[in-house]
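S.K.: Listed below, chain by chain, are the residues.
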Amino acid sequence: MHTHHPLVGRALAGPHARVNMRPVEDCARFILRIDPQNLAAASTIWGGNLPPTTGGLVSASGRIATCIGPDEWYLIAPLAEQDAIESAFGELYATTIHSLVDVGHREVGITVEGPEAVLALQATIAFDIAAMPVGSGCRTIIDKAQIILLRQGPDSFRIEVWHSFADHVWNLLAGICREIELGV
Amino acid sequence: MLLIRCPYCAAERPELEFTYGGEAHIVRPQNPSSTTDDEWRDFLYIRSNARGIHYERWRHMHGCGRFFNAVRDTVTDKFVMTYKAGLPRPDQAELEAARS
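Residue numbers (our numbering), protein chains in the order written: chain U, 433 to 616; chain A, -9 to 90.
Just so you know, these hints were derived from the structure itself, not from any lab.
Hints may be right or wrong, so weigh each one.
On the chain U side, residues computed to face chain A include the following (Cβ under 10 angstroms) [to be verified]:
1. 491
2. 504
3. 558
4. 564
5. 570
6. 604
7. 606
Coverage of chain A stretches by chain U, computed from C-beta distances (three or more under 8 angstroms per stretch; other residues unrestricted) [stated by the list, open to error]:
8. -6 to 0
9. 31 to 41
A few chain U residues that don't get close to chain A, going by computed Cβ distances all over 12 angstroms [as the list claims (entries may be wrong)]:
10. 437
11. 525
12. 538
13. 601
Glycine included, C-beta positions come from ideal geometry on N, C-alpha and C.
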């Protein structure tokens, strides 16, 4: 399932680059849908706080959880923990109605970092990237491709995009990074 | 590009992320089997086509995925306010407050 990574081996980075782009190594990804009233139960299973409000992002020990809708969470974890998470949530089905869907085969991660990362993303995303709070995530559109954008630090972003759009998004951002390097 | 405030995300988002959902506050027939043909026609097809203030549904398709309601002026294309689905129509005072 994880054999084909469309961006493997690609990277745009250097010690003096103003924007660094790297593909993220494969990881386990889930979409969790659950009634917000039962969030505490899900947090216990997940082993960390799930952010209660839309846009919230909690990142700890290799796991990332972001709330992308009133009852929808996007979860990222190391591949090694995938089976444990699935079976733990499987047991939760007995007591709490929810849905945990593995979307790991569908998504590709790209990190965009560096002092001009905001500028690079702003070139093709229509909302105000600079105003996006650090430690937040949302679903949005990048040149007609739907992505999940996570802001992990002031100059550190992560894009989660579908496999089939990954090449397009990469090439688009690579072109923008090139323009920034050249000062166009 | 229009910026639309999603009441669920509590953020201004670009129009690209949204899809239009037609007029809001259209009440479904309570008792469909006894609804007459004329009432069905009105429910399905007859819309107010307002010039000015229009109450309409939008969906934050490429965001939180939720349907919500918006008040938009069809003449100026400006959004007066947005509010969560299921809430009643905002009254005139609320619209005035949102405008100022």
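S.K.: Each hint should be assessed against the structure and marked as holding or not.
M.R.: Hint check:
Restraint check, residue 491(U) versus chain A: the minimum CB separation of about 20 angstroms is more than 10 angstroms; hint violated. The interface hint given for residue 504(U) is met, as the beta carbon of that residue sits about 7 angstroms from the closest beta carbon of chain A, less than 10 angstroms. Interface hint at residue 558(U): satisfied, since its Cβ lies 3 angstroms from the closest Cβ of chain A, which is below the 10 angstroms cut-off. Given the 10 angstroms rule on beta carbons, the hint for residue 564(U) holds: about 9 angstroms separates it from the nearest Cβ of chain A.
Using the Cβ-Cβ criterion of 10 angstroms, the hint placing residue 570(U) at the interface with chain A is satisfied: the shortest such distance is roughly 7 angstroms. Checking residue 604(U) against chain A: minimum C-beta separation of about 15 angstroms lies over 10 angstroms; hint violated. Against a cut-off of 10 angstroms between C-beta atoms, the interface hint on residue 606(U) is violated, since the closest Cβ of chain A lies about 22 angstroms away. Check result for the region -6 to 0 of chain A against chain U: holds, 3 residues qualifying (beta carbon to beta carbon below 8 angstroms, three or more required).
For the region 31 to 41 of chain A, the stated coverage by chain U is not satisfied: 0 residues place a CB nearer than 8 angstroms to a CB of that chain, which falls below the threshold of 3. Against the 12 angstroms criterion, residue 437(U) stays outside the reach of chain A, whose nearest CB is about 24 angstroms from its own CB. With 12 angstroms as the threshold on Cβ separation, the claim that residue 525(U) sits away from chain A holds: the shortest Cβ distance comes to roughly 23 angstroms. Listed as outside the interface, residue 538(U) is consistent with that label: its C-beta sits roughly 16 angstroms from the nearest C-beta of chain A, beyond the 12 angstroms cut-off.
The beta carbon of residue 601(U) is kept farther than 12 angstroms from every beta carbon of chain A, the shortest such distance being approximately 14 angstroms.
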